[in-house]
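There are 4 protein chains.
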Amino acid sequence: MADTFEPRPEHHFTFGLWTVGNPGIDPFGVAVREPLDPVETVHRLADLGAYGVSFHDDDLVPAGSSPTEREAIVKRFRAALDATGMKVPMATTNLFRHPVFKEGAFTANDPAVRRYALAKTLDAIDLGVELGAEVYVMWGGREGVEVDAAKDPRAALDRYAEAVNACCAYVRERGYRLRFALEPKPNEPRGDIFLPTVGHALGFIERLEWPDMVGVNPEFAHETMSGLSFHLGVAQALWAGKLFHIDLNAQRPGKFDQDFRFGSEGIRDAFYLVKLLEESGYTGMRHFDAHPYRTEDASGVWDFARGCMRTYLILADKARRFAADPEIAEALAAASAAGIHEETVPGGATSGAAVSALRDRVRAEAADPAWLHALATRGYGMERLDQLVNELLLGVR
Amino acid sequence: MADTFEPRPEHHFTFGLWTVGNPGIDPFGVAVREPLDPVETVHRLADLGAYGVSFHDDDLVPAGSSPTEREAIVKRFRAALDATGMKVPMATTNLFRHPVFKEGAFTANDPAVRRYALAKTLDAIDLGVELGAEVYVMWGGREGVEVDAAKDPRAALDRYAEAVNACCAYVRERGYRLRFALEPKPNEPRGDIFLPTVGHALGFIERLEWPDMVGVNPEFAHETMSGLSFHLGVAQALWAGKLFHIDLNAQRPGKFDQDFRFGSEGIRDAFYLVKLLEESGYTGMRHFDAHPYRTEDASGVWDFARGCMRTYLILADKARRFAADPEIAEALAAASAAGIHEETVPGGATSGAAVSALRDRVRAEAADPAWLHALATRGYGMERLDQLVNELLLGVR
Amino acid sequence: MADTFEPRPEHHFTFGLWTVGNPGIDPFGVAVREPLDPVETVHRLADLGAYGVSFHDDDLVPAGSSPTEREAIVKRFRAALDATGMKVPMATTNLFRHPVFKEGAFTANDPAVRRYALAKTLDAIDLGVELGAEVYVMWGGREGVEVDAAKDPRAALDRYAEAVNACCAYVRERGYRLRFALEPKPNEPRGDIFLPTVGHALGFIERLEWPDMVGVNPEFAHETMSGLSFHLGVAQALWAGKLFHIDLNAQRPGKFDQDFRFGSEGIRDAFYLVKLLEESGYTGMRHFDAHPYRTEDASGVWDFARGCMRTYLILADKARRFAADPEIAEALAAASAAGIHEETVPGGATSGAAVSALRDRVRAEAADPAWLHALATRGYGMERLDQLVNELLLGVR
Amino acid sequence: MADTFEPRPEHHFTFGLWTVGNPGIDPFGVAVREPLDPVETVHRLADLGAYGVSFHDDDLVPAGSSPTEREAIVKRFRAALDATGMKVPMATTNLFRHPVFKEGAFTANDPAVRRYALAKTLDAIDLGVELGAEVYVMWGGREGVEVDAAKDPRAALDRYAEAVNACCAYVRERGYRLRFALEPKPNEPRGDIFLPTVGHALGFIERLEWPDMVGVNPEFAHETMSGLSFHLGVAQALWAGKLFHIDLNAQRPGKFDQDFRFGSEGIRDAFYLVKLLEESGYTGMRHFDAHPYRTEDASGVWDFARGCMRTYLILADKARRFAADPEIAEALAAASAAGIHEETVPGGATSGAAVSALRDRVRAEAADPAWLHALATRGYGMERLDQLVNELLLGVR
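Protein chains in written order, with the working numbering: chain G, 6 to 402; chain V, 6 to 402; chain F, 6 to 402; chain B, 6 to 402.
By construction, these hints were calculated from the structure, which means they are not laboratory data. C-beta atoms are modelled at their ideal positions from N, C-alpha and C, and glycine is treated no differently. A couple of the hints might just be wrong.
Claimed, not checked - Far from chain B by the CB rule (all over 12 Å, computed), these chain G residues:
#	residue
1	E15
2	M218
3	E335
4	S361
5	A381
As the list claims (entries may be wrong) - If you want the footprint, here are the derived chain G segments under chain F, 3+ residues with CB under 8 Å:
#	segment
6	256-266
7	298-307
Claimed, not checked - Ranges of calculated distance between the beta carbons of each label pair, as one might list FRET restraints:
#	chain 1	residue 1	chain 2	residue 2	range
8	G	A338	V	G353	34 to 44 Å
9	F	A88	G	P351	30 to 40 Å
10	B	G286	V	H378	47 to 57 Å
11	G	S285	V	E178	52 to 62 Å
12	F	W376	B	A77	18 to 28 Å
13	V	H378	B	G90	37 to 47 Å
14	B	V35	G	T9	37 to 47 Å
15	F	S304	G	W376	39 to 49 Å
16	V	S71	G	W215	54 to 64 Å
17	G	W376	B	E347	53 to 63 Å
18	B	A84	F	W376	31 to 41 Å
19	G	A338	F	T9	24 to 34 Å
Model the full assembly from the supplied sequences, consistent with the hints where possible.
Following this line, the structure appears as structure tokens:
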């Protein structure tokens, strides 16, 4: 079979420096791999066909670097970008590693911690913008509680909003061309985390000062941990015009945050997601926020990166086949799939008169018991449709 | 010990007719109890100290009743309300029982189903308003998918919004004093349900035509099924000004929808929830959407109802003791709990200048390594605080 | 692509009468399909290439049938079997539908209920044996609790064991050639069910009077509800010599019991399971205990049945390709996969002397730090291997 | 209220050195607390009323210590034990921290790793026995897979059994008075872990060479992660005579391994567990395998330890009140709770004749429809009983 799944920059695949660079520390074990030099990462990913990289401030410029050191690091890193044509479409802040953030960052009880977190973020925004980032991700990994008594959750949301507003105000003042993307997660490392799902983030955004500057960065693993459908969550983000960025990886529901190679778990969910991204006109990055298994040495790291991208391309190809498959088209028709695009209220649901008129019409129809019986007993052929999709995925049609 | 946990109407406890009336059907078993007459329910609940009842259209007026039958039923029911002083603060529609809704109601692929669902809802709104309802709950139990291929989720959200808009338009045209409350649920009976969490509903509402008319009706069991914190979800709803109603019951995470007696599982979550409701100034109903165990006969049903209310009152009393406990106050101070109410950015987070000034100040402070070290090494005394709460809950302080 | 995935009797596919016959009742909705005549089921499944059917006593002979009615039903059913060549390899008892079992069956608190459950089971064993069953499944769906206070769990296990022992004693006395298979489930319809996983059943069996007569009937959905690996659970059952039967379907972790079409969720788990069954020499039935979506009419029911079998055959074909793929073989070698078959203790782990000698040898080797360093830094190439499997599953290799 | 919840040595409370000594590393953050000197730990815990401590080999004697260093450490540690009267009832091996174990220990694919793991365990057994341990725990945290293709699970169980057998052979040869306790866990740090639940371990043990030497060490968090009832799992272990040790902590279902302070989550489960331990005659340790929140400094660590023990004692007191409460006794009678202790088959379930005779008797009784109707419609009063327990737990009765 001819293999056409070769990643190229126009596919807009990006990786966090921390993903391939993950040394394999977990709650029960120490590092199994040496740190990666960000410059090497840029070159290796460029060779594999990626479009760019992203980073937390500390991934690139270690905490405590002097201004001179920072300058040297940035210069060297930029040279790697220039040499390879790689981009930095997104940047973010590490507000979770240092013990100072153990009780929270933007929502810490201690105002000094919150202020430090905000100042660190502003510095990191500068760094990201300097390297070309147009999206700034905020993952509030420490924004949460184990002990509900200790933090008023409504005040915590006030503080969270205040921090996001402050970053927006700063970006506006500086004239940066930067949008923010909130990354939800339900738990881990905190017992419960604020803004646990895409939905909670979408609701939160609408209460901000400049909601248009803020969208979401849904992560496959994070929604899936809660057993929610990632595909449907991303669809709602797109529906709301808020899909600014996305984190691709793999996860089993109800388990620790696994961040496995994209497609290695939940292949059907991954397929519907890729189909949605490809068909929705989403123009953002296909960003992998995953890490190699702890069993891997350095060469496994690059197998991991290659696998993430290949699986995406394979699934995108399946999505095209889905659209072109006449038997699937027939099954979709049997399921009345096109009907969902038809207005329910002819004349418009915001007109009370049109709504009342529709009711009258339905009453007349439903007066004939056969009408309702026919609607109730019709089949939708979903078993056949689903099996067709399964066989498409399995490559036997 | 003097028992002061006697429910009274001013506590605003309400029950769905379908809760005490649940006959005990489950996926593997048939009914174990006889249907309850709604009039008996009103009298029994009034005797127990409840404030009112709620219903689905079909709970009160069986589907297919003639106008004359409907009138007789309503008259008899209203007489029971009048005799007891019981209220109907909320009503809702059954859009899930009849086979016509097997593929969805407001988001069914077939436009005829959607129109029927809408017409049924308008009739049910009339019934609810006629009996005094001021909140109308929408639980979209059939709005979802097992086969993602069969339904465009963004179009489904369009249709969902259209239906809610249509109901709002109708209510406005009629001049009803009625607000809507969307009830999220992640799954069951569908594989995945649209608007799976409080957050998703909050985000959705903001894209409606009249967002002020629509809030949420969070349910303990539904959020907990996904392992999310119900307490934090309700807090976000309150923060957004959207807690229009609430459904109280009990549930274990990661299991089927259990709808157990309030407080029978997750007592700590229940405590924090009651504390939040009592302290937030929430003036709505304390509505129980639960059902008795299938092991119960008729007398167990009323034990169940009594238990729901008693547990709420016991926990409300604990919340008052929490607020008055000097050792807890001391532990809260050690955890800097009051600090969450302090503005992070003096002068206002929406001012770029104030934000930049704050960063300068933090940079100066953080230049001294001892400053950060002190912040990083301080303790918050959360173990002590949490243990105090535990002992308060266990009644040993 | 030539389609070689046609089910035939030698594949040993069987279906419960209750699976294709499921009318679509769920906790929120009534039946959507008419009951199926068991005789029609036998004919339809035979046409599709199945090997046989299974049943609960009540599926075939409705409760309350007179001896004459029973005889007529059995005769007519047997005629359908004879006409089609279909077999009844397994039978079971319905100990969950009738209200008498609401508090349990073999572990009900009330001894009269337990005795009734046992008598019903003995009758059902007679019926199963009469129709040729060689495996008798026991699913204890009502054996559990919501209220832990109400039942001593150790005594409940005594009663459970007593019931299984009694059935074995009966079978031995009658000289039936019948083995029992316990089917674990963690919860639903009870809050918690005894013997919640394959493991708990395996442990329980060893405390029975005739452990050799009793094995397990693992179900994909039931293990997966708890987030456990079905593949690993079945492997342990095989390892213990206890895989007497198996129930195939599909399920998302942490959700209600879904019983979807085999392979429609968790396709990777399904693949490893099929690979294990095919490679282990398992000679039992491939039994589908699933049901069609509620969206289906009668024609969808048979699409469902066909899909279950086709997916199994597709995956069995993938397993053969896996075994024959040279690049996968190479990756397995890189992962030292064959090493797991080598004895750890040369000379035998049950010899204290051999064990001590091994320690001496390891101490000598580990005295050289390079030895441990080499072991610690080697890679296993799991990312590459897993990606190869993924691409095999997706049909692109 | 007089406080009688003071821990004393006769309560048999023990803590792992690694529990209070946990420095607060998590997947997203570095250490927040300094390491604790084991000698200090012994003294502090003795002051708090504990009975003893447990350890992994490396907790006490850092890897790479010379024999002389080991001797000095042991001598100093023993002096602390002697000075305080503290015991070491249990010891275990760290087979998860070092990178050499990244692909497994007893079930690693590479035989050299397995042999190293076994040798390390034998050394650790010597250390444990030297300090008085009578129970040796085996937690196979790295025994599992992310990539199912890479490891034959049946062979892995062979290797697992071989390792346990080897340890038993060694202990027998040395004449140690030591029993083994397997500690199950479903996942984390591996994607799936072998022997994921108490049940799987119980089944596994029966296939070992010396099953009497091996029992289980169930952990509250580990069973609860899978949503299983810890109380029922421990009950089955007791029923099988296999509860050799127990790990107490707290956990929310479906989340990462939280290891919170005992009783801080799931208080009802904790109550039933304590009731079971106290009433079953279990004479082993009440061992806490938990760690303080990451928000805590050194003083929070000791609050944590104190809280674990106090909550146990509070719940033990509740269990005594439960047994003495006349209203609870009445509710238990209404639920026929004593009936579970009655034999189902008079004359013995292992007699085919007695079983058949029972069936005849039931048939006769069931011939009267009123008999079955009465059994089916009786209530069990579980709502009342459960509410009584809830109010007992909440301290209002």
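Violated constraints from the hint list, given by number and in increasing order: Violated: hints 8, 9, 11, 15.
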